[in-house]
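*Asks:* Line order of the protein sequences matches chains A and B. Counting along the first sequence from 1, when you hit position 145 you're at 1203 in this note's numbering, and nothing is skipped either side. Counting along the second sequence from 1, when you hit position 143 you're at 1201 in this note's numbering, and nothing is skipped either side.
Keep in mind the hints are simulated off the structure, nothing from the lab. Don't take each hint at face value.
No copy is singled out in the list; a pair is fine if it fits within one copy or between any two copies.
[Stated by the list, open to error] No more than 25 Å apart at the CA atoms, straight line, and that leaves these computed lysine-lysine pairs for BS3-like:
| no. | residue 1 | residue 2 |
| --- | --- | --- |
| 1 | K1249 | K1159 |
| 2 | K1121 | K1072 |
| 3 | K1076 | K1066 |
| 4 | K1072 | K1225 |
| 5 | K1253 | K1066 |
| 6 | K1224 | K1121 |
| 7 | K1254 | K1159 |
There are 2 protein chains.
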Amino acid sequence: METANLLKQVEFIKEVDKLKYILRKTKLLNSDRNENDAEHSWHLSLMAIVLAEHTNFPIDLLKVIKMLLIHDIVEIDAGDTFIYDTQKSHDNTTEEREAAKRIFGLLPDHQANEMIAIWEEFEERQTNEAKFARAMDRFEPLLQNVSNNGGTWTEFGVNYDQVYAKKQVIQQGSNTIWQYAEELINDSVDKGILKK
Amino acid sequence: METANLLKQVEFIKEVDKLKYILRKTKLLNSDRNENDAEHSWHLSLMAIVLAEHTNFPIDLLKVIKMLLIHDIVEIDAGDTFIYDTQKSHDNTTEEREAAKRIFGLLPDHQANEMIAIWEEFEERQTNEAKFARAMDRFEPLLQNVSNNGGTWTEFGVNYDQVYAKKQVIQQGSNTIWQYAEELINDSVDKGILKK
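Based on the provided sequences and hints, a complete structural model is requested.
*Replies:* In structure tokens, the structure reads:
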């Protein structure tokens, strides 16, 4: 049984290596190199550890980290969707649900079910853990775009209202981080790297 | 106080972005693209979650993940050292300790101390968590080298005895994973991708 599980787990571990090839729209800090989903997931997980004291409520940190480590795995099949893309929906599409079934389905049943449940919890944004994980996912690209003179905002003509609406999700996870994020957004307008 | 902490934490979060540029010797699975330390840390953390049932002893999984997310951060200053390099020591060198002090030292004191302690615990390999984390760190490049027809073993002329000695560390974390790893090593000899 142990060995049967291990063989399945190794297949999963090999499959998710592909996350290292999925490029996001945002670039690394002060850089023109696109970030990939594996690096992004690492960074958010570490951010969650470091910023956990700023949550609005108690959280199960291990669960938040599990969410962040796996939240983009469906993009191996479904690809990265740009957050400001108005043509294509981002969240929990049929394509993403199929991807979750296929990729997490490589694991032994009990683990596949746990991973799919955690991924769905992240997508549904209702629990404390999902809210805080989401806040991390919105905060990192804000730091990146500010460091890159507007980054994807400039590149794709995204304006203040669009950014503000997307970033406000941070507040659901942490008032303290949101206060800081809001200042960054306003400063970006003042600096001319984000258009009102 | 909250805000003072946050500003320090953001500096740390920005600094560790550099881990995405530190290239390891090993390549991604079935690939000639070098893995970077951030991707590697993500992969090991996820492996620890998925493989936790195979530990030889009870572990604090959150601590293992913290170790794996931060274990290579010192390489931002100290660089990656090849595991089979006989010229240069790998573990807890003066250079690495200085790096730990500088980089984790960006955080508020209580967090800096916690991170340095966790990094040292990983380096010292005595606790259950450190042993299991180490097992992950040895297991991933084994999968990579096998998938790449010998990978760094072939590229740098590393032989069976050297590989066996380094990989045996896996057993301290998990007998089950070691049994599987040992088979992979022996199969590699049979296939001619690892020289006895």
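*Asks:* For every hint, state whether the structure bears it out.
*Replies:* Each hint tested on the structure:
1. K1249 / K1159: neither (45 Å within a copy, 34 Å between copies)
2. K1121 / K1072: This pair counts as both: shortest intra-copy Cα distance 23 Å, inter-copy 24 Å.
3. K1076 / K1066: Only inside one copy: K1076 and K1066 sit 17 Å apart there, 33 Å across copies, limit 25 Å.
4. K1072 / K1225: Answer is between: at 19 Å across copies they meet the 25 Å cutoff, but 34 Å inside does not.
5. K1253 / K1066: neither (50 Å within a copy, 29 Å between copies)
6. K1224 / K1121: within (23 Å within a copy, 32 Å between copies)
7. K1254 / K1159: neither (41 Å within a copy, 42 Å between copies)
Checked against the numbered hints above, the structure breaks hints 1, 5 and 7 and satisfies the rest.
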